[in-house]
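Q: Single-letter residue listing:
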Amino acid sequence: MKNRLRVLRAERDWSQADLAQRLEVSRQSVNAIETGKFDPSLPLAFKLARLFETTIEAIFSDEN
Amino acid sequence: MPCKSNSPAVRRYFFRFAVSMVLYAVFLVLAVWIFVHFRPTGPVAWLLAILPALAIVGQIAAFGMYLAEEKDEFQRHSGVLALLWGIGATLSVTVVWGSLENFVHLRHLDLTWVYPIFCIFFGIAHALNQARYR
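Chains A and B are the protein sequences, given in the same order.
The working numbering runs 339 ahead of the 1-based position in the first sequence.
The working numbering runs 13 ahead of the 1-based position in the second sequence.
Treat the hints with care, as some may be off.
[What the hints assert, rightly or not] Okay, derived cross-link-like pairs now, BS3-like style, lysine-lysine, Cα gap no bigger than 30 Å in a straight line: (1) A:Lys386 - A:Lys376; (2) A:Lys376 - A:Lys341; (3) A:Lys386 - B:Lys84; (4) B:Lys84 - A:Lys341; (5) B:Lys84 - A:Lys376; (6) A:Lys341 - A:Lys386.
None of these hints come from the bench; they were simulated from the model.
Work the whole structure out from these sequences, hints included.
A: Written out as C-alpha cells, the structure reads:
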C-alpha cells in the first residue's frame, strides 16, 4: 500500500526513530510500513493519522 | 530471538529463554548422571527422561508468550513469519528424511534432532527478516 509517511516525516523533520518512538513501535516497523512492505492494522493507522493530525486516507492509498 | 529492539516483551522472552536453557542443562546432566549411576526403571526413569524435554517445551512456550505479549504488530508479524518458515522447513526436511529412511535405508534420524533443526531454520528465517526490514 502506498503512503506519504516519508513526506509527512520530512515536513516535521522527524527521523524513522523519532516516529517509532512516538508510535511506541520499533524503527524497523516504521521502515516496513513506509516502504510499503507491511500494511499497518487499523488501530495503528488511526494512531498515525492522529499523530499527523490528518485522516488515514490522506496518509495511505490503495491505488497501485 | 524475536527482534533487535528492547521491548519489555523481548526482555521477558530472553529471560524465560535463558531460564529454560539453564533448566535444560541442569536436567540433562542430572538425568544422565542418575541413569549412569543408578539405572532407574519404571515411572522414575520416565520422569527423568522427560525432564530435559520439558525444559525445551518451556522454550517453545516462552516464544508463544512473547507473541502474545509483544505490542509491536510488525515484530509480531515478523516472529510469526519466522516461526512458519521454521516449521515448514523442518517438516519438509524430516518428511524427506523419513521417506529416504524407508526406501533407501538412510541412517535413522533421532527425533531429538527435530527441535535443533527447527531452531536453525527459525534462526535463518528471523535473520533474513531482520536484514530485509533493517
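Q: Compare the distance between the alpha carbons of Lys376 of chain A and Lys341 of chain A with 30 Å, and conclude whether the hinted pair is satisfied.
A: Answer holds: Lys376 of chain A to Lys341 of chain A is near 10 Å, not above 30 Å.
Q: Hint check: Lys84 of chain B vs Lys341 of chain A, CA-CA at most 30 Å. Holds or violated?
A: 24 Å, holds
Q: Can the restraint linking Lys386 of chain A and Lys84 of chain B be considered satisfied, given a maximum Cα separation of 30 Å?
A: It holds: about 14 Å lies between the C-alpha atoms, which stays within 30 Å.
Q: Taking 30 Å as the top limit, are the C-alpha atoms of Lys341 of chain A and Lys386 of chain A close enough?
A: 17 Å, holds
Q: Given the hint that Lys84 of chain B pairs with Lys376 of chain A, does the C-alpha gap stay at or below 30 Å?
A: 19 Å, holds
Q: Do the alpha carbons of Lys386 of chain A and Lys376 of chain A lie within 30 Å of each other, as the hint requires?
A: 19 Å, holds
Figure legend: structure checked against the earlier numbered hints; every hint is met.
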